[in-house]
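Turn these sequences into a full structure, and let the hints guide you.
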Amino acid sequence: MTDKTTAQGATPGGPGNDEADATTTRAAVVAEAADGTSRSLTADAFRSLRRNPFFWISSALIVIFMLMAVWPSLFTTYDLGFNDLSRSRETPSGAHWFGTDTQGADIYTRTVYGARASILVGVLATTGVLLLGSLLGLIAGYVGGWVDTLISRLGDIFFAIPLLLVGIIFLSSLQDTPTLLGIPIQGYFGVIFQVVLVFVLFGWPSLMRLMRSSVIQVKPNDYVQAARALGATPMRIIRRHVLPNAMAPAIVVATINLGAYIAAEATLSFLGIGLRPPTVSWGVMINDGLTPLRASPHILFFPALFLSIAVLAFIMLGDAVRDAFDPKSR
Amino acid sequence: MSTQTTPATGEQHLLEVEDLHVEFHTSEGVAKAINGVDFSLDEGETLAILGESGSGKSVTAQAIMGILDMPPATIPAGRVLYKGQDLLTMPEEERRLTRGPEISMIFQDALSSLNPVFPVGWQIAEMFRVHRGVNKADAYAQAIKLMERVNIPAAKDRVKAYPHQFSGGMRQRIMIAMAIALDPKVLIADEPTTALDVTVQAQIMALLQELQEEFRMGLILITHDLGVVADVADRIAVMYAGRIVERAEVGDIYARPGHPYTKGLLESIPRLDQKGQKLSAIGGLPPNLTRIPPGCAFHPRCVMAQDICRTERPELLDVGPQRQSACHFSQEVLDA
Amino acid sequence: MGKYIVRRLLQMIPVVILSTFLIYAMVFAMPGDPTAGKCGERPCPAAYIEKFNAKYHLDEPLPVQYGYYAKNVVQGDLGENQYGRPVAEELSERFTVTAKLAVMALIFEGVIGILAGVLAGLRKGGFIDNLVLISTLFVISVPIFVTGFAAQYFLGLKWEIFPALATGKDPSLFSLVLPAMVLGSTSLAYIARLMRSNIAENIKSDYVRTAKAKGLTPRRVVGVHTLRNSLIPVVTFMGYDFGALLGGAIVTEGIFGINGVGGYIFKGIQNRDGIAVVGAVTALVIVYLLMNLLVDLLYGALDPRISND
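Protein chains in written order, with our numbering: chain A, 1 to 330; chain B, 1001 to 1336; chain C, 2001 to 2309.
Check the hints yourself; a few may be wrong.
[Claimed, not checked] Far from chain C, by Cβ distances over 12 Å, these chain A residues were calculated: (1) R51; (2) M66; (3) A69; (4) F75; (5) Q103; (6) I119; (7) L131; (8) L210; (9) D222; (10) G259; (11) A263; (12) W282; (13) N287; (14) F301; (15) L307; (16) S308.
[What the hints assert, rightly or not] Straight-line alpha carbon distances no greater than 27 Å define the calculated DSS-like cross-link-like pairs of lysine-lysine that follow: (17) B:K1185 <-> B:K1083; (18) C:K2204 <-> B:K1160; (19) B:K1160 <-> C:K2003.
Please keep in mind that the hints were generated in silico from the structure rather than gathered at the bench. In this text, a Cβ means the ideal position worked out from N, Cα and C, and glycines have one as well.
Below, the structure written as structure tokens:
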């Protein structure tokens, strides 16, 4: 037996039932010998991730978008405020790669600057959902009993309402409210806060369910029971036994969600209740491009292209990570 | 009882497997699941194929049935003669028509092997409807008869019930009813009792034997459990790493195993008359089929292994009347 | 089956009550003036505010307010829009178009999605499989309003294959084809992927091996034994999706100028007609939840393992 035998490599296309069993047992023995099943599985997952071109393409795109969000002037020579009304709605040229919009502003520059709002919403909402959902899921799974029931049922309720519908109601009722709990919620960061808030408020159940089920999965195991009996704190048990198992699916759900939040933010802005002009965001720009669509489709095309690529990058990354950690999904 | 030696004895067996090879092409390399298996089966005879997980016994069964997934499986060599006709070279459509009326198979886990979304009666009746074109009502009537035949109580009321509503033993009876629906000549039972309680195991084995006598079927019983085999089988073929390592009549093997592997298997069964003695199990694990050891595949686990075992593969040779063993030291094993 | 229905119904009741309460709380219990943004760009006249307060019992504690509101909703009163027309009445006029659109989208996504999924799942790793995987990745990634504009611009305006708009009280079925395709596109991708993985998994299952051992034709092995099991989750998904399509047509109906429920919300947002938006969305959420319930019951009927306990 060499160290090349791994749990995943052995299963696909395995012969009959008993053969497959045999190879898995064998693999398990090897994995145990290599100090812990999860570690060798993880190492294998990263190896297959590194071989996946989709992983590299999506990572590169995400890095570029992140850079755009943090340091937009790196990508463009025009100032964001630049506009030349005499050059309104020009098609792409050497001076204006993506052409100009109705105000005569450089669409390329605006599209680059527009990345910030989308990335900000996506990253903040995902972080919030990850924190809130994981925390509630860990509590529900660990404490159990009526606490579990309460959190799970609450999750059902928040999960029952479609995100777009609830976003519309939430944002339209806050449209003219200057502060929420003392926090100013108008202006660039205010509106981003609103959007993030509604996504977190209604997005946490997916992560909660995931974390809860991983806790419930490991809790009855003898070694966890033994650790508890020996006085290991819940924190330690969660860090040692729950998180290693839940990490990969949580990352997958979070990255795919990140893409979905970017798309949802753009949709709300496009509907006119998310970010609004003069804020620059892809959704706002697409809304701007609506009226002159027939004559100047490029005004709408470029921000839409960037938006789609950004969403694609995150979903692609999520897909790649899932394929790596769950080879059966291929 | 027919003799089992090389083919071309002139006399035609019901089923004859010759030099069968099966390989699986996986990402890890080529897994050689079966490496030249020969055996024959006659009407009314029970052949037990014995081996650990991964020995190739289930793959052999599936290759005979023609239900291996190809790819990843390939059959690079061998013949499976049924009444003298090679099933492996037969056109697929013709071969399909042999499944059910000629050769039939039951599986280990009846719960997962029955379709969960169709009533059991429907699944039995399907045999009559597809192969014989019987109409729905008649097919159901036949299904009820079969369910009664395999001793399912209240068959008439339960014909429309779903698999998950039956107990494990009852589900295996349903599998059996389905398999014998069209009076097959060969029945392959792949670990038919492994998933069941001990008392139910005995009932199912009794039922299989009863049906075999009634229909004069040739029965191939695949199992890893020597205990199941003892009362039922006429002959036993022991498989290891895709080869038959020993073949004999059932009494001979129990009395005097001719291969260290068989011996190890026998010694790992707890016995009443040896109470208090240490139970010995065979050390180590079956080999990875992509890297079968050179020489005798069993040598890394064999207590008797010598240098020759590591380099030269022992052939399956006659070691007594109607028995063969593939071991350089078979005589020593027999004499021990 | 009976027990299952009762159990599902009982589970549903708190979800409906609490989710409508959530919506209510978001609209009326937020800090600030609840009438803000309910009268277009201008602040509301004093008389309107007074009438509004009285109608929604805003001087009472929140749960009591919600009680009144729930009573109104149950009686079919969703409030009046800025022109004084009852929202419920306006919605019922527009529901037919939306339902038509949703049914067309459902047929489109179901037929093509299932077909693509089956072809991909039967030959995993093959050309069709990769084609389906990559094209669905793109369809899922492109936000629906981008898909909508692209379809409208190219298929409607530039190449004039389909009508670019479906305005009017009763648009023709043909003019609804393009919007239906746009509306169903994302779900089509999900259905194709779901079907693909189901087929690929079930084709390896023990009962499919049994079906082969029974000597059934390959067509019957796939078409009856594999398909039936693989379809159950897909049909369930389509059921949930129908609820979402009825409510999710806001963007699509907005783009194609369709006078349905979604278009009504789209215009309501643009005209800042708060009551109309909230009323319509509340109605949609309720429709959505009821559809989910219906689907759960359907699932029980489709999968004997669920209902026949």
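Closest CB of chain C to the CB of M66 of chain A still more than 12 Å away: 18 Å, holds
Verdict on A69 of chain A as a residue remote from chain C, using beta-carbon distances over 12 Å: At roughly 18 Å from the nearest Cβ of chain C, A69 of chain A sits farther out than 12 Å, so the non-interface label holds.
Does Q103 of chain A really sit off the interface, with its C-beta more than 12 Å from all C-beta atoms of chain C? 20 Å, holds
Run the C-beta distances from L131 of chain A to all of chain C and say if the shortest one exceeds 12 Å. Answer for L131 of chain A: holds, closest chain C Cβ roughly 21 Å.
With d taken as the least Cβ-Cβ distance between G259 of chain A and chain C, does d exceed 12 Å? 7 Å, violated
Quick one, are K2204 of chain C and K1160 of chain B close enough, alpha carbons at most 27 Å? 26 Å, holds
Minimum Cβ distance from L307 of chain A to chain C greater than 12 Å, as the annotation requires: At about 6 Å from chain C, L307 of chain A fails to clear the 12 Å cut-off, so the statement is violated.
The output says N287 of chain A does not contact chain C. Does that hold with a beta carbon cutoff of 12 Å? 9 Å, violated
12 Å Cβ clearance of A263 of chain A from chain C: A263 of chain A not clear of chain C: closest Cβ-Cβ about 4 Å, inside 12 Å.
May I ask you to check that R51 of chain A keeps its beta-carbon over 12 Å from the closest beta-carbon of chain C? Non-interface label on R51 of chain A holds, nearest chain C Cβ at 16 Å vs cutoff 12 Å.
Hey, is I119 of chain A genuinely clear of chain C, shortest beta carbon separation above 12 Å? 15 Å, holds
Any Cβ of chain C at or closer than 12 Å to W282 of chain A, or is the non-interface label fine? 9 Å, violated
Violated hints for the displayed structure, listed by number in ascending order: 10, 11, 12, 13, 14, 15 and 16.
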